[in-house]
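All chains should be built: construct the whole structure from the sequences, respecting the hints.
If you're matching them up, the sequences are chains A and B in order.
Sequential numbering from 188 applies to the first sequence in our numbering.
Sequential numbering from 188 applies to the second sequence in our numbering.
Hints were generated in silico from the structure; no laboratory data involved.
Just so we're clear, the structure is a prediction, and the values are computed from it rather than from any experiment.
Some hints could be false.
[Stated by the list, open to error] DEER-style ranges, computed between Cβ atoms: (1) B:D360 to A:N191: 29 to 37 Å; (2) A:R333 to B:R230: 50 to 58 Å; (3) B:P443 to A:M291: 28 to 36 Å; (4) B:P415 to A:K466: 25 to 33 Å; (5) B:H339 to A:D242: 53 to 61 Å; (6) B:G233 to A:T399: 37 to 45 Å; (7) A:K466 to B:H479: 37 to 45 Å; (8) A:R237 to B:E370: 21 to 29 Å.
Yeah, the Cβ is synthetic: ideal placement off N, Cα and C, and Gly gets one too.
Protein chains: 2
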Amino acid sequence: MSRNGQHTIAIVGATGAVGEVLLQVLEERHFPVGELRPLASERSAGNTVRFAGKDIPVQLAQPKALDGTDFVFFAATGTLSKELAPEAAKRGAVAIDKSSTWRMDPRVPLVVPEVNPQALKSHEGIIACPNCTTIGFVMALEPIRRAAGLKHVVVTTLQAVSGAGKPGVDELDAQIEATLRGETPSAKVFAAPIAFNVLPLCETFREDGYSTEEVKLLFETRKIMELPDLDVAMTCVRVPVPVGHSATVLIETERPLSADAARAALAAFPGVRVVDDPKHNIFPTPADVAGHDDVLVGRIRKDLGSDRLWLWEVSDNLRKGAATNAVQIAEELIRQGLK
Amino acid sequence: MSRNGQHTIAIVGATGAVGEVLLQVLEERHFPVGELRPLASERSAGNTVRFAGKDIPVQLAQPKALDGTDFVFFAATGTLSKELAPEAAKRGAVAIDKSSTWRMDPRVPLVVPEVNPQALKSHEGIIACPNCTTIGFVMALEPIRRAAGLKHVVVTTLQAVSGAGKPGVDELDAQIEATLRGETPSAKVFAAPIAFNVLPLCETFREDGYSTEEVKLLFETRKIMELPDLDVAMTCVRVPVPVGHSATVLIETERPLSADAARAALAAFPGVRVVDDPKHNIFPTPADVAGHDDVLVGRIRKDLGSDRLWLWEVSDNLRKGAATNAVQIAEELIRQGLK
Chain A
188 MSRNGQHTIA IVGATGAVGE VLLQVLEERH FPVGELRPLA SERSAGNTVR FAGKDIPVQL
248 AQPKALDGTD FVFFAATGTL SKELAPEAAK RGAVAIDKSS TWRMDPRVPL VVPEVNPQAL
308 KSHEGIIACP NCTTIGFVMA LEPIRRAAGL KHVVVTTLQA VSGAGKPGVD ELDAQIEATL
368 RGETPSAKVF AAPIAFNVLP LCETFREDGY STEEVKLLFE TRKIMELPDL DVAMTCVRVP
428 VPVGHSATVL IETERPLSAD AARAALAAFP GVRVVDDPKH NIFPTPADVA GHDDVLVGRI
488 RKDLGSDRLW LWEVSDNLRK GAATNAVQIA EELIRQGLK
Chain B
188 MSRNGQHTIA IVGATGAVGE VLLQVLEERH FPVGELRPLA SERSAGNTVR FAGKDIPVQL
248 AQPKALDGTD FVFFAATGTL SKELAPEAAK RGAVAIDKSS TWRMDPRVPL VVPEVNPQAL
308 KSHEGIIACP NCTTIGFVMA LEPIRRAAGL KHVVVTTLQA VSGAGKPGVD ELDAQIEATL
368 RGETPSAKVF AAPIAFNVLP LCETFREDGY STEEVKLLFE TRKIMELPDL DVAMTCVRVP
428 VPVGHSATVL IETERPLSAD AARAALAAFP GVRVVDDPKH NIFPTPADVA GHDDVLVGRI
488 RKDLGSDRLW LWEVSDNLRK GAATNAVQIA EELIRQGLK
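Right under this line is the structure:
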């Protein structure tokens, strides 16, 4: 339990791509950390991670390592989340899970704090953090929904390789270097070479020809926004970008909404920054958003042939798409007195 | 005029990215070339190009260099096309222009030979080749239109840097190398660094916030398909891929069309190849299409929430998107006895 407003924090998967950013974000945001316990699977236990100027040994992720914790962040495989999140809850901690394991469980809130903080109230010790792609998407949709309602959305995502963790980044780097040496790059993490290429597949294909990523985007958006019938037509594409997911989004609103009104609604929304000045070639890109928490939105304009609205959103998939959102969930729980 | 079925060919812009591929395509397709005249602006005149095993000197692109030609391919700047295409026509040659100069001129046919060969009949000596992005797009739309009619289309393009010619490819390469050396890449051809990044801008922004590329895609598609009211909602994005434009396309048809029927219609269309087997992770990518003439289509599936159809198309923007289409126009003119 928290002592003097300080919290005992465990991070499962502390040595992964999201785990590393979690450590940074906790420090940057001055999260009240009393004790920090980095945890990992056997492969990484025994290493150290750097936090608040100290090297802290990584312990094995197992139930007893969760004794006395207040918050347990899961930034590892779904298997570890499935096993250990209930163990954290059983010990009175709150598990904040970045894997997809608990997201669609009706007992588990799926939360983007700027969008649905009210969902936290009913938590039973496990809270799910949405998919990195979903977070940027709902952050851009919510201001539009509040201004004019949502009828229908079409989205194409362009997703960074770090969406597949460090192995994804390493594979892009290795393939770029192989290509520059004149070799044929080999693919392991992704289904085909991603260097100098784009792939219309994120994660894996389901029986119906949709990717698991695409279906997550639909169902998570509906749950977070509490719009169970919202139609989202989507294609998810992997692009050779290290960090930063982008998306083109075409929105049919319930009530008319001008591009200027949409721009104002987006600019006023916490965590969203409008970067949109085509006259001066100003638009947001993954390179601009990498390392930052805001979701950047640009190319806000009406469709030429209908009343629909186009926009382009980019967000750092490791920060707002993962670590920052998870830490914000913990902050919001404290703010609401729910922990 | 043609002698013994052999033609005198001039290529304006023979040393550029499309010009080089034009030379290759003319050879590969055994186009009946009697004499070949590579032409270029002052900067490149005096170089040589390789054709049919010979080095041929590049002459200055000027009206008198067009005397006695049968076909003049324009793969250079709009300024040269504007000046010299009428000069070619005046001399009885057919100008086949890859620039955007003549595309929307009502006297000039805008032709993708598989889609609207009939438009050639009315030519007055100048024929326009559509934008590289438009060609792949209409090649994928036309079979669907013939099978079930088109009501509405939403498209997001992911366009290769060679869409901006050799300078685009050189800029990507230089930026990749700079990034690997730990330097900050500088951007000149594109509005922001494209290496390890994606940009929601192809070409330049208009006053209304649309890019010139996006508006071309709309108006050229309407003209080629002879569907002046077709609604196309579009966003064009530049991606760090050397060759091969991709697009996600969501199509509302006039009559119901199953994914299987769409797949069959696409597979039966000349110049289109279906590459679509998600069970075995088979989908087309720019790396697959580079160097090939077919437009590859995959990810053919129904929208989860409506009767609309999704597909993913990729085409080589230098070949079918430019050089191959231009040579096919010349072949079709000969076939129809129009030259």
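Status of the hints after comparison with the structure:
no.	hint	in the structure
1	B:D360 to A:N191: 29 to 37 Å	violated (56 Å)
2	A:R333 to B:R230: 50 to 58 Å	holds (55 Å)
3	B:P443 to A:M291: 28 to 36 Å	holds (31 Å)
4	B:P415 to A:K466: 25 to 33 Å	holds (30 Å)
5	B:H339 to A:D242: 53 to 61 Å	holds (58 Å)
6	B:G233 to A:T399: 37 to 45 Å	violated (57 Å)
7	A:K466 to B:H479: 37 to 45 Å	holds (39 Å)
8	A:R237 to B:E370: 21 to 29 Å	holds (27 Å)
Taken one by one, the earlier hints fail for this structure at numbers 1, 6, listed in ascending order.
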